[in-house]
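There are 2 protein chains.
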Amino acid sequence: MASLEDLTTPALVVDGDTLEHNLTTMATALPGARCRPHIKAHKTTALAHRQRAIGHVGFTCATAREIIGLARAGLGDDLLLANEVLDSEQLAALAGVDGRVTIAVDSEVTADAAADAGIRECLVDVNVGMPRCGCLPEDAGRIADHARARGLDVRGVMGYEGHLVDMVDRAAREEQTAECMAHLARAHLAVGGDVISVGGTGTYDCNHFGTEIQAGSYALMDTHYARLPDLPFRRALFVLATVISVNQREGFAVANCGLKSLGMDHGTPEIDGATVWYCSDEHTVFSVGGELPNVGDRLRVWPAHIDPTIAYHEHMHVLVGEDVAETWTVDLRGW
Amino acid sequence: MASLEDLTTPALVVDGDTLEHNLTTMATALPGARCRPHIKAHKTTALAHRQRAIGHVGFTCATAREIIGLARAGLGDDLLLANEVLDSEQLAALAGVDGRVTIAVDSEVTADAAADAGIRECLVDVNVGMPRCGCLPEDAGRIADHARARGLDVRGVMGYEGHLVDMVDRAAREEQTAECMAHLARAHLAVGGDVISVGGTGTYDCNHFGTEIQAGSYALMDTHYARLPDLPFRRALFVLATVISVNQREGFAVANCGLKSLGMDHGTPEIDGATVWYCSDEHTVFSVGGELPNVGDRLRVWPAHIDPTIAYHEHMHVLVGEDVAETWTVDLRGW
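Chains as they are written, first to last, in our numbering: chain A, 1 to 335; chain B, 1001 to 1335.
The hints are simulated quantities; they were obtained by calculation from the structure and are not laboratory data.
Backbone N, C-alpha and C define an ideal beta-carbon position, used for all residues, glycine too.
Mixed in with the good hints, there may be bad ones.
Stated by the list, open to error - Covered, in the sense of this in silico footprint (three residues per stretch, anywhere, with C-beta under 8 Å from a C-beta of chain A), are these stretches of chain B:
no., stretch
1, 1075 to 1089
2, 1223 to 1237
3, 1248 to 1257
4, 1263 to 1269
Build out the structure end to end from the sequences listed, making use of the hints.
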């Protein structure tokens, strides 16, 4: 069995025990269909299988390719594309998968596109305060009526309080989530249906209104979510890198991972015991309080945001102890 | 022939005429071996073939995979891996390619690793002021001696003034580049060899010391480099996206490209005539001065930094007029 030392760097590595802790913690808090894991966070069918095995039947996706891949892998019991799609080829492919596909719509145009392509089920996506997709709450009933008139089965509503999920103060997060959900409740009254699909990792136990939580980051976590002191999930994913250069006079070292192995929208990654100066395409430059590492040393670089980090990698290696127990293909990248 | 309207979005699109302008401009200013195009910027063998066809014989690479891919494609006349590598498997693969491979070394350890793997040629990488790889100028001679004692042919020196290439003030850029090159000149005196490999797109005509310029961004450009008023290169690359949601009350619209189709280290992308609010995984939210676009409209999203943008995409489509004349595979991604 390979060890960490055998991996060519940069390499995406999952700590298997921590992943297990995170999956178990979520499945205990939100068992079965109460959690609809978001696949966009990891884009990896093998990890979705783990989430299915622990009881989560349905999945949330952000792209057509994620839906199609999961269905091909036999994970198509209840797939939600939590995003608006207008491309007729993609919609036709989604309508043809071997599985149950529900799609978000937030306008007559997106409902028409879904109906025209033969999609059978939808949720009405409602804006609950974050400036992104989702209709106004007062328009939700009209859009649901339109969708039903076009032959779609409207299963309920969706609303994502994404502007709150990373709020460090839990009391404020919980209170403001409740305010957002009041908008969604109003929309749901007009729309009807059994499904109220909401939330993310940061509100998994703050959102008391949804019937299901669309949490993705909880499985692997990142330094941005790790700032929330109340979350029981732990960082399970790092980029393994090699120190390729050390500058003793200036007091810094260089690891061989950078902008093409780390999503940067939430800032630079972290290295335990070090200060990261900056990243360039294939480099992370850092200093440490004490003695600098040696050329050839390996270290763990913790990404600030896992979603765009993982999307750069072809594989993730699963570590159990010091051994690489499995290597998973990040097979759901692209669109 | 497909048109822009036929592409599934998000899609990476190259304006063919602008690319041609950029390639011709560079090949006129720095013909043949005076420019050693940096492949990390585009990671696309088909585009490297265009750079070869216009006269550039050698290429700069940042990863083993870029070198190996170019050699396999018959572009291995003179390949420089402008980065330190310690992985013995990667080094052995590099030593075995059908082509000429030169590798950067900046320490005894990296020179030893190259020699042990059967690499035949190297450059001594010298730090000229940017905190990243490269030995101190005063250590360059010692490292060259060590490399030669280990059987490596030392072709010369390399020094990258990366902290200056995006300086808007041309006079300051040129002056400070000269100061950096004074360090490299000192190192070159001690090292010897014919090659002095330097620079980037921003200093392609400010660096008067190097024998060759490692420019990459010039071919496709981005909004960050486009801030430099003296550069004759024009933005040739955009992400084609579809408007999937419009919020008339709040005055914004949402395009279906985001953190997984755009490198974010240089900030948010630009949309002509619009203000970009932020990006999330699969969304770019923006407002416009006048009337908002319609759901279904397509638009061009200009990346702030092409290198980490292109690394997310499987293909780039080459536009001539309104037609997609070719689709290139971004085949050199990964490590």
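Evaluation of the provided hints:
1. 1075 to 1089: holds (count 6)
2. 1223 to 1237: This one is violated; 0 residues, fewer than the three required, reach chain A with a Cβ under 8 Å.
3. 1248 to 1257: Answer holds; 5 residues pass the 8 Å Cβ test.
4. 1263 to 1269: holds (count 3)
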